[in-house]
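2 protein chains.
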Amino acid sequence: MPRPKPLSGFPEFLPAGRLIENTVLDIVRGTFELHGFAPIETRAVEPLDQLSRKGEIDKEIYVVRRLHADGADPDELGLHFDLTVPFARYVLEHAGHLAFPFRRYQIQKVWRGERPQEGRYREFTQADIDIVGQDQLAAHHDVEIPLVALDVFEKLHRDLGLPPVTLHVNNRKLAEGFYRGLGIEEPAAVLQRVDKYDKIGPEAVVELLTGEVGLSRTQADACVALAGISARDESFVDQVASLGVSHELLDEGLGELSALISTANRTVAGRVLADMKIARGLDYYTGTVYETLLNGSEKLGSVASGGRYDSLASDGKVTFPGVGYSFGITRILAPLIGKGRIVASRSVPSAVLVAVDNEETRAAAIETAARLRARGIAVEVAPKADKFGRQIRFAERRGIPFVWFGAGHDDSVKDIRSGEQVPASADAWMPPAEDLRVTVGPA
Amino acid sequence: MPRPKPLSGFPEFLPAGRLIENTVLDIVRGTFELHGFAPIETRAVEPLDQLSRKGEIDKEIYVVRRLHADGADPDELGLHFDLTVPFARYVLEHAGHLAFPFRRYQIQKVWRGERPQEGRYREFTQADIDIVGQDQLAAHHDVEIPLVALDVFEKLHRDLGLPPVTLHVNNRKLAEGFYRGLGIEEPAAVLQRVDKYDKIGPEAVVELLTGEVGLSRTQADACVALAGISARDESFVDQVASLGVSHELLDEGLGELSALISTANRTVAGRVLADMKIARGLDYYTGTVYETLLNGSEKLGSVASGGRYDSLASDGKVTFPGVGYSFGITRILAPLIGKGRIVASRSVPSAVLVAVDNEETRAAAIETAARLRARGIAVEVAPKADKFGRQIRFAERRGIPFVWFGAGHDDSVKDIRSGEQVPASADAWMPPAEDLRVTVGPA
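So the protein lines, in turn, are chains X and E.
For the first sequence, the numbering used here begins at 101 and goes up steadily by one.
For the second sequence, the numbering used here begins at 101 and goes up steadily by one.
Please note that a few of the clues may not be correct.
If several chains are the same, the list does not tell them apart, and a pair holds so long as it fits within one copy or across any two.
[Said to hold, decoys possible] Subject to a maximum C-alpha distance of 27 Å in a straight line, what follows is the list of computed DSSO-like cross-link-like pairs (lysine-lysine):
hint, residue 1, residue 2
1, Lys105, Lys487
2, Lys417, Lys484
3, Lys105, Lys417
4, Lys417, Lys439
5, Lys209, Lys105
6, Lys377, Lys296
7, Lys487, Lys209
8, Lys296, Lys487
9, Lys484, Lys105
10, Lys484, Lys399
11, Lys105, Lys377
12, Lys299, Lys209
13, Lys377, Lys439
To be clear, the hints were calculated from the coordinates, so they are not data collected in a lab.
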């Protein structure tokens with residue numbers, strides 16, 4: 101078999117990259133759990149009619165069928181393209197066994213049959229949190245969700261050296277109330293154009309609003325003026341007020357957004373930006389919306405996004421409103437790992453290589469390894485009885501910091517970086533804390 | 101949307117079940133790493149021609165294609181049905197970047213389009229370890245692999261109360277050498293029939309061997325006598341010798357198997373059985389073979405299996421021999437979780453619910469929660485300002501053991517099981533170690 105070629109859009113890491121990804125996922129998962137989110141995992145496939153309901157996303161779906169499918173097979177299936185559709189189905193299917201408000205996290209691969217290009221993948225990992233209520237869900241949960249996101253990103257920044265982030269937050273009620281206060285009947289049409297603010301600039305948005313939506317120049321100017329407002333504190337409220345528009349829904353949105361900003365700033369100052377041009381394309385958001393930019397890598401686009409929705413799902417009697425956030429794990433990590441901007445301290449978990457002098461002493465080496473492992477130290481035994489220098493080079497190639505010599509009869513351990521070698525007991529010796537596990541950090 | 105029905109063969113857990121699964125996977129992963137295995141994750145899909153190479157497995161494959169595929173699309177893809185085919189491809193693709201012998205683990209979903217039935221799934225999780233060499237791999241690695249398996253299963257038994265296991269081990273060289281020593285030309289044909297020993301019994305195997313394979317009655321009797329031999333120590337060597345057959349390959353197999361049994365018994369006594377009737381269906385095994393039965397649930401079949409193979413992959417110049425073990429995580433857990441034989445201490449990660457007296461004090465509750473989380477305690481804030489009793493019931497329903505009252509002004513914490521309530525500081529109080537995390541154990 102000739103050397104296989106990678107499949108475009110399906111990123112895979114070398115072991116060191118996967119060690120980095122696992123370290124990140126452990127932080128993400130641990131933080132979700134600290135905030136009381138319970139894990140679920142859903143199957144990779146959903147019935148095709150569930151996946152294709154949203155017209156425009158049709159073409160991105162991967163259809164799945166048995167190679168030798170026959171008439172007895174159930175309806176066609178597709179791979180899920182996000183974790184929201186399967187979660188909505190899961191909530192409906194298991195509602196009787198869940199306690200609401202239900203806080204769940206879910207970290208899984210998703211698949212999209214898009215044309216692969218820079219920053220777009222056909223298979224990638226998402227990490228989602230959602231809080232879902234039965235018929236109602238209090239507004240204060242919109243404040244809670246970005247606190248989790250900030251907690252995650254601050255740890256990734258502090259512990260692993262990932263770039264810090266800025267959370268851009270807006271509120272659909274604020275925008276819709278503002279537009280209605282201007283006498284605009286179709287706020288959705290306006291929002292759709294304002295969504296292009298960053299790409300095409302304010303003047304072009306004004307043109308779209310007057311040309312395509314039919315707003316007056318005054319209305320369009322006011323909409324674009326609103327979109328231009330942003331602030332890291334509650335000063336945006338006065339800025340919006342200075343535009344002289346009033347509407348009940350606008351006040352509600354302003355109130356929700358300023359509560360969010362002030363609570364977030366009490367937790368981690370300076371990371372959240374009230375940003376009136378954030379719209380989020382998806383129709384189902386109805387209140388707060390979130391986007392997250394990696395500082396210095398803004399051109400990647402939002403790496404974690406979400407918002408409030410009135411109806412995740414409904415069984416006809418009960419409706420499930422919620423608020424959620426989705427972290428694009430692959431989108432964040434693949435460029436950092438691929439460009440070597442974040443690295444692992446070694447390519448294997450092992451902190452120690454137990455050397456083997458000759459094959460007759462292998463049993464003693466295995467026993468020494470077992471004693472070290474019993475105390476939580478990752479160890480491998482040299483695959484070959486070999487000379488001193490070769491054992492060192494074997495460890496060096498993998499980044500294993502310590503080599504254990506004379507297992508079971510004349511035990512000593514050598515730090516191959518400093519060259520220091522000391523007598524040691526397999527029941528007592530510990531590597532320094534920073535060498536015990538693989539560490540991950542900036543290059 | 102009406103309540104969705106489960107898809108047969110695609111098991112999903114409620115959050116408490118997923119907490120159990122995660123606890124198990126953490127032990128599995130942690131143990132693999134203690135033994136120096138590095139993680140990889142491969143994409144879910146492989147080119148169809150790679151997956152369908154092994155004729156008989158054809159019909160189990162799920163084909164994957166874009167809903168609106170066009171001529172420009174690459175070759176058809178299929179979901180992987182095990183982790184060996186993708187690993188073989190990964191080794192060939194990345195050989196230049198891997199250090200051999202390469203020790204890797206891989207924990208992922210696999211898919212098989214089989215008819216669903218008791219104990220068979222269409223989507224399930226496997227956890228694989230393999231040690232792969234370049235052109236050669238020493239025999240002692242065959243001894244190392246079951247030590248990892250024993251370490252995993254002993255921890256699952258000791259820490260989570262899973263049933264203990266028996267590792268059944270055999271060696272293809274032993275069987276093949278024995279058959280050749282009897283003058284049999286087609287050892288594979290014999291092995292294939294001996295594989296049915298447990299299902300159809302020794303007499304029926306003798307009939308197959310004389311009828312279908314054309315052995316003499318004496319040859320067939322000897323083969324079945326060999327298959328009947330098993331021992332928890334090295335006594336099997338004498339039992340085989342007493343059958344009076346000799347062959348070089350038989351001696352090699354006996355030597356490898358007794359080294360394995362004696363090393364395994366030094367590590368965990370009484371869990372390994374040299375079992376001469378273990379054949380493993382797959383053709384590519386060439387030496388040691390492993391199967392694992394859950395004591396008391398033998399009818400589930402082998403829940404973890406593997407063996408030695410001469411060629412995982414080859415690029416024409418280099419061949420990659422290896423030895424591996426695959427743990428059927430879903431196969432082990434789905435029945436235990438489904439029947440409630442293993443349970444989680446609560447259905448959410450939270451150890452503490454911070455009560456909210458009235459909505460004006462929510463900010464103080466959020467701050468108290470943050471202080472507890474900063475010290476590693478999983479916390480959620482009550483979604484609603486409510487009466488004392490209702491807050492308790494909210495925690496009770498989820499199994500949260502502690503409720504925090506008077507956040508920020510008159511802090512106290514109540515163990516809702518004992519009713520004991522004590523003044524506490526969010527910067528100092530810790531729950532007992534056994535309440536800090538969700539614990540998993542027998543019902």
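Tested hints:
Proximity of Lys105 to Lys487 under the C-alpha cut-off of 27 Å is found in neither arrangement, the shortest distances being 38 Å within a copy and 63 Å between copies. Within a single copy, Lys417 and Lys484 get their C-alpha atoms only as close as 68 Å, which misses the 27 Å cut-off; across copies the closest is 23 Å, which meets it. When the C-alpha separation of Lys105 and Lys417 is checked against a cutoff of 27 Å, the pair qualifies only between copies, where the shortest distance is 18 Å, while the shortest distance within a copy is 51 Å. Taking the shortest alpha-carbon separations for Lys417 and Lys439, neither the intra-copy value of 51 Å nor the inter-copy value of 31 Å comes in at or below 27 Å.
In this assembly of identical chains, Lys209 and Lys105 lie within 27 Å of each other by CA distance both inside one copy and across copies; the values are 21 Å within and 23 Å between. In this assembly of identical chains, Lys377 and Lys296 lie within 27 Å of each other by CA distance solely inside one copy; the values are 9 Å within and 69 Å between copies. Proximity of Lys487 and Lys209 under a CA criterion of 27 Å is satisfied in neither setting, with 45 Å inside one chain copy and 42 Å between copies. Taking the shortest alpha-carbon separations for Lys296 and Lys487, neither the intra-copy value of 65 Å nor the inter-copy value of 47 Å comes in at or below 27 Å.
Taking the shortest Cα distances, Lys484 and Lys105 never come within 27 Å of each other, neither inside one copy (32 Å) nor across copies (55 Å). Proximity of Lys484 and Lys399 under a CA criterion of 27 Å is satisfied in neither setting, with 49 Å inside one chain copy and 40 Å between copies. For a Cα distance limit of 27 Å, the shortest separation of Lys105 from Lys377 qualifies neither inside one copy, at 42 Å, nor across copies, at 41 Å. In this assembly of identical chains, the alpha carbons of Lys299 and Lys209 never lie at most 27 Å apart, being 29 Å within a copy and 39 Å across copies at closest.
In the homo-oligomer, the alpha carbons of Lys377 and Lys439 never lie at most 27 Å apart, since the shortest distance is 31 Å inside one protomer and 52 Å across protomers.
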